[in-house]
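Construct the complete structure from the given sequences, taking the supplied hints into account.
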Amino acid sequence: MRSPPAQRATPVLALLILAALAAAVPAQEFPEAVEAPSAFVTVIEAREYDDRFESVEDVLHHAAGMRVRRFGGLGAHSTASIRGAKSEQVLVLMDGVRLNSTLRGGVDLSSLSLRTIERIEVIRGGGAARYGSDAMGGVISITSRAPAQEGAVDVSATTGSYETLGADLLLSLNGERVRSSLAYSRLRSQNDFDFDLIEGDGGIQDLAQNERHTRLNADFVRETGLLSSYLDTGPTSEASAILRFSRKDNGQPGGTLGVPRRDVTDEQLSCVDGEEQFRRAVFSLGWSDRALGPGAFKASVYHRYEYSELHDDGQRCGFFPARLFPDRTRSQSTDTQTGIELNYIGEPVRLGRAWLVNRAVSSVRIERVRTDDVDSKRRWVGNLFTQSEVRLFGGRLRLLPALGLELADTSSGQVRSAQFKGFEEVDVDDGSEWLPQIGAILRLAPGLRLKTNYLRAYRRPTFAELFHPDYGFIRGNPELEPEQSWNFDVGLEFSNHGWGPLAQLRLEGVFFHRDIEQAIEWVQFNNSFVPRNTGQAEARGYELRGSLTLWNRLELGGNYTYLDTEIKSTGNPLPHSPRNQLFGRAALRLAGNRLWVEFTHEDDLFLNAGGRFKVDSATQLDAGISLRPSDLPGLAWVPENLTLSFEWINLTGEQRVDSLGLPLPDDTLWYMRLRLAPR
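If you read the sequence shown in my numbering, its first letter stands for residue 3, the second for the next number, and so on.
Be careful, since some hints might not be right.
Unchecked claim - Pairwise CB distance ranges, derived in the manner of DEER restraints:
(1) 549 - 336: 21 to 31 angstroms
(2) 601 - 394: 40 to 50 angstroms
(3) 331 - 234: 52 to 62 angstroms
(4) 414 - 293: 39 to 49 angstroms
(5) 334 - 225: 17 to 27 angstroms
(6) 670 - 399: 49 to 59 angstroms
(7) 157 - 394: 43 to 53 angstroms
These aren't lab readings, by the way, just hints derived from the structure by calculation.
Don't be surprised by glycine CBs; every beta carbon is placed ideally from N, CA and C.
Structure (structure tokens):
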């Protein structure tokens, strides 16, 4: 369905406003992703949230073009979507290491802690030529928390609704040539919230009267840690070693669909036996030199290990169908990745009136997966990437042509169609993928620039999509073709240092369009859910983003995303893709104290490609305050580096649902955080 004229005119009007402002205020630098300078990027500085009870899921959900799909309340499995792309089409990196599961494709954002992160870059729509598969919607690049400039200790504690408890420790040690940091974060919650039983259209829309229940077995415990060290090996060179780990144990309460709508107990609405365990460790070694010959060089090696285990001791959760697995109560899998990457950026070279900067990256990785149902599977992947930056007219125009090549080979391995059957040989046809890209940046005036990108992206099927065993109601499809897309975006960015009471102003307006071919969706086929190439799909829309600071005290910011998607074969929208998303924030700083209010809204959406299950629109209002007690009357004796914050989530008490259509808390949640940190 095409956008109405008024909606198509909105981004044009916004871009004209940006052009009018450019002549009135001084310019400021724009954030750029090193991997894709012409891409539209959102940069999130994690340290800005250290005084708050904020998660990786929250800060990403508030970014332009982003939507986080949550599969439960606090600490539940959560995945990222960019411009309507599903989680398998969004590449997540931690210090350059892929976190995407080779088995399932996505990344559980709830396994990450914001306290061990320095910054997050969201590259919307770009990154495919540089990184290859999985970056159809974009890239989320996470950088681990760096050691503080001076040795310091930062500790905090959190408590809140439903027996939520958390603690964080950050320790930095700096020497003459060595800088090291240690970070540890722990969070747990009982999560036994009350909710109204939901029924109606598809079992997820209307509230049943007088049906109040308590969610059981939604508790979780998460621990994350970071140990990093940086050594100066020369005037311009540095070596690094980084170890990251994550542990998460949580209940699996299951769904409410398919159970009686009336006169049911809490135990019938929640699976009390389901438990899940997750472990991840990532280790990387790196060496870089900013002046190695005529350019800069960086080399890194890494290894990622993941282990997951699912329990259903009473076989009451439906994880293992009793007719197929009468004695099975557990499944487990391991997912490992080992790789090496070489990165080189040349010095600018003058060619007549132009300047040329070249960059080259090569990498090789081996991915292995082992599960109870499939023998050990492996895939090796090689990537080559080259990019040139041509600077014309004194740097006013920058052209960025790039080309990526990805080669892969997936082992044939064996798969069995059911637990009681033998293994059968399955072959996968892997091929090479060429990924061309062209980007441009044009500086129209001080503080105002135009950017555009056109590129090809693709995604190889996950091992679960290829080799999921036949359980009767679900199975894999070894004949899947890779998903492919052509991505285009164009927009204006405006930024300034300040003007009178206006300390800072940033504005952005972007139009984007993505044509998808061979889209992979799980669909019902011969009474089974099977991943199939469903043909063409389309996603288009625009993003408006702005922020300003007045008198260095009042901060206003927000973004709006309009998204129009369509599966060509059915006319249905892509699942989990609301037409309109809006986020706004206002914050007031008074000395060391800060008060903020946040508002989010998203339209109704469908939960599956068939357009059957629909979720109503949702609006949420949150607020919080961060205090420095030593600034308050009579509390001068309190340490100056102590802060106390209070937050209230869902002040309107609106009934919301997660990405499975399951109920979330409809009351107001509260959290209190105490932090002792260097100033």
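Hint by hint, here is what the structure shows:
Between residue 549 and residue 336 the beta carbons are some 43 angstroms apart, a value that contradicts the proposed interval 21 to 31 angstroms. Against the hinted window of 40 to 50 angstroms, the Cβ-Cβ separation of residue 601 and residue 394 comes to about 43 angstroms, which satisfies the hint. For residue 331 and residue 234, the hinted distance range of 52 to 62 angstroms is satisfied, since their beta carbons lie about 53 angstroms from each other. Between residue 414 and residue 293 the C-beta distance comes to about 47 angstroms, which sits within the given range of 39 to 49 angstroms.
Evaluation of the 17 to 27 angstroms hint for residue 334 and residue 225 yields a pass: the beta carbon distance comes to about 20 angstroms. Range check, residue 670 to residue 399: Cβ separation about 52 angstroms, and the 49 to 59 angstroms hint holds. In this structure the hint that residue 157 and residue 394 lie 43 to 53 angstroms apart at CB holds, the actual value being about 52 angstroms.
Violated hint: 1 only; the structure is consistent with all others.
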